[in-house]
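Kindly produce the complete structure, drawing on both the sequences and the hints.
Residue numbers (this note's numbering): 1 to 119.
Hints listed in this document are in silico derivations from the structure and should not be mistaken for laboratory results.
Take the hints with a grain of salt, since some may be wrong.
The calculated EDC-like cross-link candidates involving lysine to aspartate or glutamate, where the alpha carbons are at most 16 Å apart (straight line), are [as the list claims (entries may be wrong)]:
hint : residue 1 : residue 2
1    : Lys17     : Glu33
2    : Lys17     : Asp40
3    : Lys17     : Asp7
Here are the in silico distance ranges between beta carbons for each label pair [as the list claims (entries may be wrong)]:
hint : residue 1 : residue 2 : range
4    : Arg91     : Met1      : 27 to 35 Å
5    : Arg52     : Glu76     : 36 to 44 Å
6    : Glu118    : Glu33     : 38 to 46 Å
7    : Leu51     : Arg117    : 30 to 38 Å
8    : Val111    : Glu76     : 16 to 24 Å
9    : Gly34     : Leu96     : 33 to 41 Å
10   : Gln30     : Ala92     : 31 to 39 Å
11   : His11     : Val119    : 32 to 40 Å
12   : Gly94     : Arg32     : 37 to 45 Å
In this text, a Cβ means the ideal position worked out from N, Cα and C, and glycines have one as well.
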Amino acid sequence: MKFNHLDLPVHDIGAMKTFLEQHFALRCIQEREGFALLRDDGGFALVLSALRSDENPDFPCGFHIGFNLPLASEVEALHASLHDSGVAILRAPGMLGGALTFQCLAPGGVVVEVGHREV
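The following block contains the structure:
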């Protein structure tokens, strides 16, 4: 069985979609009111679904979406690019659990972690 997709409820689908397209190479393959479907090169699908303005996502402590990069230098380069773009960096690049990682804040307060782990 293959993991197919994740549905992430957000207040501003357009802002989150643009953020993921610009910085994380996801491609929007379908969009309609209240919904956007993004894919990566590996076939993973991330669904962005609309929250009502009076709804607040109740993500548990530690919730985040994560991306792995093949090289540590790519982690450093993406960190620099996000920082230069004004994206809030929550944790600077450093070793965590045997991987070089950092965390940033996507639109709507979604935590994004980027990492590289030597195999």
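query: At the C-beta level, are Val111 and Glu76 separated by a distance inside 16 to 24 Å?
result: The hint (16 to 24 Å, Cβ to Cβ) holds, given that Val111 and Glu76 are roughly 19 Å apart.
query: Taking 27 to 35 Å as the hint, is the beta-carbon distance of Arg91 and Met1 inside that range?
result: Check passed, 33 Å falls within 27 to 35 Å.
Range hint compliance [Cβ, Leu51 to Arg117, 30 to 38 Å]: Given a distance of about 32 Å, which is inside 30 to 38 Å, the answer is holds.
message: Is 36 to 44 Å respected by the C-beta to C-beta distance linking Arg52 and Glu76?
response: Roughly 39 Å apart at Cβ, these two residues keep to the hinted range, so it holds.
field: Range agreement (Cβ of Leu96 with Cβ of Gly34, hint 33 to 41 Å)
entry: holds (35 Å)
task: For the pair we were handed, Lys17 and Glu33, check the Cα-Cα distance against 16 Å.
output: Holds, because 13 Å separates the two Cα atoms, which is no more than 16 Å.
- request: Quickly compare the C-alpha distance for Lys17 and Asp7 to 16 Å and report which way the hint goes.
  value: holds (13 Å)
field: Hinted pair Lys17 and Asp40, Cα distance within 16 Å
entry: holds (13 Å)
task: May I ask you to test the hint 38 to 46 Å on the CB atoms belonging to Glu118 and Glu33?
output: holds (44 Å)
task: Just tell me: holds or violated, for the beta carbon distance of Gly94 and Arg32 against 37 to 45 Å?
output: holds (40 Å)
- prompt: How does the Cβ-Cβ distance of His11 and Val119 compare with 32 to 40 Å: does it lie in that range?
  reply: Distance hint for His11, Val119 holds at roughly 37 Å.
task: Look at the Cβ atoms of Gln30 and Ala92 and judge whether their distance stays inside 31 to 39 Å.
output: holds (35 Å)
Violated hints: none; the structure is consistent with every hint.
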